[in-house]
Amino acid sequence: MGFARVIHPHTLPLLADTRANPIATPSLFLGSTRTLRHTLTHTRSISSAQRRSVVAAKVSDVKLKPTTNLLVTKEEGLEVYEDMILGRVFEDMCAQMYYRGKMFGFVHLYNGQEAVSSGFIKLLKKEDSVVSTYRDHVHALSKGVPARAVMSELFGKTTGCCRGQGGSMHMFSAEHNVLGGFAFIGEGIPVATGAAFTSKYKREVLKEADCDHVTLAFFGDGTANNGQFFECLNMAALWKLPIIFVVENNLWAIGMSHLRATSDPEIWKKGPAFGMPGVHVDGMDVLKVREVAKEAIGRARRGEGPTLVECETYRFRGHSLADPDELRDPDEKARYAARDPITQFKKYLIENKLASEAELKAIEKKIDEVVEDSVEFADESPAPSRSQLLENVFADPRGFGIGPDGRYRCEDPKFTEGTAQV
Amino acid sequence: MASIFQGFGAATSLSSSASFDTKKLQFSSLRSLSGKRASCVVVRSGGVKMDSDSNRIGGRGDQLVTNAVATKVDNPAASTASKPGHELLLFEALREGLEEEMERDARVCVMGEDVGHYGGSYKVTKGLAPKYGDLRVLDTPIAENSFTGMGIGAAMMGLRPIIEGMNMGFLLLAFNQISNNCGMLHYTSGGQFKIPVVIRGPGGVGRQLGAEHSQRLESYFQSIPGIQMVACSTPYNAKGLMKAAIRSDNPVILFEHVLLYNLKERIPDEEYVLNLEEAEMVRPGEHVTILTYSRMRYHVMQAAKTLVNKGYDPEVIDIRSLKPFDLYTIGNSIKKTHRVLIVEECMRTGGIGASLTAAITENFHDYLDAPIMCLSSQDVPTPYAGTLEEWTVVQPPQIVAAVEQLCR
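Protein chains in written order, with full-length UniProt numbering: chain A, 1 to 422; chain B, 1 to 408.
It is worth saying that the hints were derived from the structure and are not from the lab. Incorrect hints may have been included.
[Stated by the list, open to error] Derived, one-sided and incomplete: chain B residues facing chain A with beta-carbon distance under 8 Å:
hint	residue
1	Cys109
2	Tyr118
3	Asn145
4	Met150
5	Ile152
6	Leu159
7	Asn181
8	Gln192
9	Lys194
10	Asn262
11	Arg266
12	Glu278
13	Ser321
14	His365
15	Val380
[Said to hold, decoys possible] The calculated DMTMM-like cross-link candidates involving lysine to aspartate or glutamate, where the alpha carbons are at most 20 Å apart (straight line), are:
hint	chain 1	residue 1	chain 2	residue 2
16	A	Lys200	B	Glu390
17	A	Lys240	B	Asp134
18	A	Lys202	B	Glu362
19	A	Lys207	B	Asp134
20	A	Lys122	B	Glu103
21	A	Lys207	B	Glu101
22	A	Lys240	B	Asp139
23	A	Lys202	B	Glu390
24	A	Lys202	B	Glu101
25	A	Lys102	A	Asp323
26	A	Lys207	B	Glu103
27	A	Lys361	A	Asp379
28	A	Lys200	B	Asp105
29	A	Lys207	B	Asp105
30	A	Lys414	B	Asp105
Every residue, glycine too, gets a C-beta built ideally from N, C-alpha and C.
Only chain B is shown next, with the shape it has when bound in the complex (with noise of 0.2 Å):
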């Protein structure tokens, strides 16, 4: 369904179309880059395929969310009454679109730690116990493995589970049920049984949380052949992917991050689900792709306000789904700017970086100006020290200084 949205403040909007405009790309394309080697700016003609809607399954074009959310999140307070819409906190964005699943369809249940009488360790769950029974949200045992397992196994028989996981790093302790049987079962068994589980949780790097609640287990399991992988991070798009993912017939390990349930938007009354293959359009730009997911999205655009006031043009992208990669999202960008800088959370060893720097160079190489750059969080065990655990991870100044260096 069409979702066109104004978009607060600088940010362009575009309309739910989806297509790029032909013409203002090329042009943008023959603008120099600003104030350095205008000799070295290559014109690349006709290379751009747009869009046809006419032969892509469910009509992508309407569900992509294309307006620039940059300011929005920024200045979460600034959010007018008179707009359309309600505010809330990504954590009661995920409730709401749990809830309204739930409603729509008896066979969505919850399984997890702490998801039924306690609410959720995040409050995600909260007040569905009472409503929906205990059977419902159920109130698991300290049994990762097993409770995994179970949620598979009744996701066989016809029931559509979402797992929770306390803390994605408990997941460790499920990766045979995830690996083996969420991963497998459907190809093992010829077709027969599906998993549509959702698999969810908090996870990332946190506030002094220690190692071992810090985890970025997005590496881990992106291997696994069968399951899909997304990254929410802002309201609206937790609300549309937890949607999305319950109602697909794939498993789904839907990755939170610990230090985003707070954020505040406004998002639409009416029903929306995001689709799970795609990137979604942050602030488009010019001179440079940045991709990023989840929590550094937001160090991103806090780099990109310097980088703007600089005179750079940063177009930034946050991927969203991490398994599969939205070739086309990211290839449009790759073939309009040719450089790209990856940030992202995960660590620097076979991450996600790593996974989407191999991508692009496959599929866009000819189009690169510059080698592709990825910024990764150290491979190290998070610190519980304040001041290392800010080194671990990547932050807005690198990120400035990685822009320069692209486009020097």
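Pulled out of the complex, with its shape left as it was, chain A reads as follows (with noise of 0.2 Å):
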């Protein structure tokens, strides 16, 4: 058995390459941890050649039949795409933005990965909670943040969703339960799990018998080898908690290959060694994203306990808007690029006469306005004056104290100007 099978790094491009129709390599999580392992080893050990032989069948098998058994109905799939393309339009935007100086600092763009976005997040209530990194805008508006939100807090105007305060790396919104916008790798993981443990809290202690709220925590592949992962993988499923632990496995931290950095590179793996299932899905195709996430979502659910997904994407830009990118192999990138999430689910919405150019065609050029509109409305938003510096820095403000003229420092009316020196 290949359990202890080291992993050569030319093995993994072939993982990679299974481009398979959705429906011809059907999820694998079968929600039982004992039956992924020995199936995903099973597969393995076909060769390569026989596994594609394999999806070739399959592929045109589909190709024969009348869609029966599609994975979407119309409205979803028109639901996803629209959210694919609100992502990489916003993100295309911020790009802009930023080389003319509308916004500044540190800004982390999601082009390419919006199949892991939009497959999880559209399957949510609001009252889910979504926990991401610094790699947050597209995370946030699949939630449901209006993209004017969104872009003003890019801005630093006011009218952002955390009032200009928090920045393209914090964005958070408790309308939409997004709980941030992390700026360091992993700090997110463990609010996730407290989000996940007041679910099971108000359903065990507080007897709100129907809140299956779920969490889902987005985090990449250099986060899956800090401490703060491992701890949480751990308490989650000690406790059952309803939380999905999504690793976007984009094989890079900046320049570090995930294969340097790691010495087991396969991050599914180590669901199982915490007593969670471990799943490991290719994250350019949003439908087989969406059914592994369905079912991760179900278990979570029913109080089956938490699910380590990995899904396997890539960033078509740099680490972040200051990262000339020159390490990547652009063979790589061409790969991946031939595997834009968006083109393969247009493929298949049209092939699958789920939709027809002209609407998706409308769809895009709705976006393209909601997204000027935002920028639009940033622009024209005011920024923040001098009187909010010293606002929201405590929840009550009398944690400023008490000043030498015995009231309440923020009484005092230079608080109210931010003038007061604290």
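These two chains come separately, so use the hints to put the complex back together.
Below, the structure written as structure tokens:
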């Protein structure tokens, strides 16, 4: 058996090459760790040639038969497509605005990874929570935060979702349950675990019997080597928390290749080590991601505990807008560019007669307008005034203490003006 | 709510409306320092602003602890059974406060290592897990950074967790979460999420616990914007501060001291909550203001006995709120005595004393007759050997000598 087999770097591209039609390679995630481990090992032992021919047969099968067992309805398909287009167009606009000097600092764009965000988040309810990293614009958008709020936040205006105080790496929304936006990798995972803990607490201690809110924690391959990741896998499995750990493995942590940083690069395997299912999915294919997500979210809602999902994906741009992106092999980039999730999905929708070119074009046009409108809105919004400086430091502003004159310092007018020395 | 106490022994008790008698103060500043330098007394006229309850949030005067607890604490066994209230140890007072809050609000929960079945390494959470269940009093694995983060995530979603560090020093492992998420999240989310956590645990120099278990983290955490820090020192203020910290919407770090858990005191039966931002007047006096907190309060009170015998009249204030400082109580005292001595267990460099010195210099420079003296622990990892450990922290003879020097 191959449990302990060392995975040589060159075998990974082979796994990555299975660009099968979503129906042809059904999700191997059956909710059971044992089955999963066994099945995946079995798959790997088939030679690559054999595997490709199996896939080819399935693809031709699908072309002949009428589409009776599609994975999405037309409505769902259009919703997902619109979300992916929104993510792509928004991020492209961010790049433009950055180079025009409208936003500053570190901006990390999500181009190429849209399938993960749309595949997972579109299955959530409003009360479910999403926790992300610094690459969080699209997670916020998918969860429902208006494009205007996100763009204003990036421009640093008061109308931003965090009043301009957070910026690109700190997207929060209490209304849509987006719990951040974290600059340090890994520090969002415990927060997500806490949100999941609250869901369980509400059900079991506060007796809100129908509370089945789940939490999604998104993070990258680099984070999967961080202590907080492992500590939270342990706690989530131990207490059967309703959380899904989604690893967006885009193979690169700035300039550090995942293979150079990790002793065992297959991250999904770390799930079973802690007592939860570990799944690997093609993160460039939104329907595959959606299938896995459905199963994982269902598990969590039923109280069966956490899941670790490794999405193999790729970022088309550099780590951030400041990254010259010189280390990555142009061939690798080209290979993944050919698997653009939006192009793939568009093809799927059209081939399976779920939508026409015209309908999709209309969506693209609509999104263009939404994004342009968000830029206009952000441009016209006011920058924060000085009075905002000292607000929000404390939820209870008495925390600033009592001044020499006996009054609470927050009562001092200089505080509301923002000129007081704290 | 009003809490009027009869002080024990020789301590003066003030009424709970907390206004220093103007006349009394002005007259006392005319009194010369006993036997020395009578010619140098400066009369301060009208510079002291008396409090007026009208323009303050929450009527802080009601909750100011005004009785001097010096003799009460020195002779715990002397408390008589006929007085109202009940006697307990400090760790029991903490537990009482915690239990009352858990009873009052189902969202209050505890998480930490060995808080549940073991009852807490210092028994602060004893009996809570059987009563409230394993989820509400959560035994965590040894993963400080992650379970602190978990508490923060839970707080964002509406719970009110109390996170226990088995020893305050272990919270160094949670620094990432405490600084970045605890302190900053309310701000970076534009006020959308609040983090009403209480992070508590025993710290300070104990009895030969070794360097790593004898850390004073007040100095490390004090710069983090967005958190409040308080230190309890008596059963009375332990319970009151615990309750206040739990009810506060801000993240609060409550510093307890390993050697103070077995202090006994009689505390009221009625419910009371103290004010997080206020300092406590331990012993009113005239000659010098001694600012202290936590265990050093007791070293100061011990030194105060010696000082009183030598004819000095020190005013001792337990600052309690390490961040922010209660500049009002501190300022009033300085305006009265014009001399300040800070006695702390924190390290010398960048400690609470250093910040306090800066704050006092900035705000009350004109009122000082002498440079501020600050006695802190040595900047040394706490040695294991008993003799060395003793010399690491400030001892009463040093305090006496410092006052003598200040009042020269």
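Cross-check of the supplied hints:
{"no.": "1", "hint": "Cys109", "verdict": "holds, 7 Å"}
{"no.": "2", "hint": "Tyr118", "verdict": "violated, 17 Å"}
{"no.": "3", "hint": "Asn145", "verdict": "holds, 6 Å"}
{"no.": "4", "hint": "Met150", "verdict": "holds, 4 Å"}
{"no.": "5", "hint": "Ile152", "verdict": "holds, 6 Å"}
{"no.": "6", "hint": "Leu159", "verdict": "holds, 5 Å"}
{"no.": "7", "hint": "Asn181", "verdict": "holds, 6 Å"}
{"no.": "8", "hint": "Gln192", "verdict": "holds, 4 Å"}
{"no.": "9", "hint": "Lys194", "verdict": "holds, 4 Å"}
{"no.": "10", "hint": "Asn262", "verdict": "violated, 31 Å"}
{"no.": "11", "hint": "Arg266", "verdict": "violated, 28 Å"}
{"no.": "12", "hint": "Glu278", "verdict": "holds, 7 Å"}
{"no.": "13", "hint": "Ser321", "verdict": "holds, 7 Å"}
{"no.": "14", "hint": "His365", "verdict": "violated, 12 Å"}
{"no.": "15", "hint": "Val380", "verdict": "violated, 30 Å"}
{"no.": "16", "hint": "A/Lys200 with B/Glu390", "verdict": "violated, 48 Å"}
{"no.": "17", "hint": "A/Lys240 with B/Asp134", "verdict": "holds, 14 Å"}
{"no.": "18", "hint": "A/Lys202 with B/Glu362", "verdict": "violated, 48 Å"}
{"no.": "19", "hint": "A/Lys207 with B/Asp134", "verdict": "holds, 15 Å"}
{"no.": "20", "hint": "A/Lys122 with B/Glu103", "verdict": "violated, 39 Å"}
{"no.": "21", "hint": "A/Lys207 with B/Glu101", "verdict": "holds, 19 Å"}
{"no.": "22", "hint": "A/Lys240 with B/Asp139", "verdict": "holds, 15 Å"}
{"no.": "23", "hint": "A/Lys202 with B/Glu390", "verdict": "violated, 49 Å"}
{"no.": "24", "hint": "A/Lys202 with B/Glu101", "verdict": "holds, 18 Å"}
{"no.": "25", "hint": "A/Lys102 with A/Asp323", "verdict": "holds, 18 Å"}
{"no.": "26", "hint": "A/Lys207 with B/Glu103", "verdict": "holds, 16 Å"}
{"no.": "27", "hint": "A/Lys361 with A/Asp379", "verdict": "violated, 27 Å"}
{"no.": "28", "hint": "A/Lys200 with B/Asp105", "verdict": "holds, 17 Å"}
{"no.": "29", "hint": "A/Lys207 with B/Asp105", "verdict": "holds, 14 Å"}
{"no.": "30", "hint": "A/Lys414 with B/Asp105", "verdict": "violated, 36 Å"}
The structure fails hints 2, 10, 11, 14, 15, 16, 18, 20, 23, 27 and 30 (numbered hints given earlier, in ascending order).
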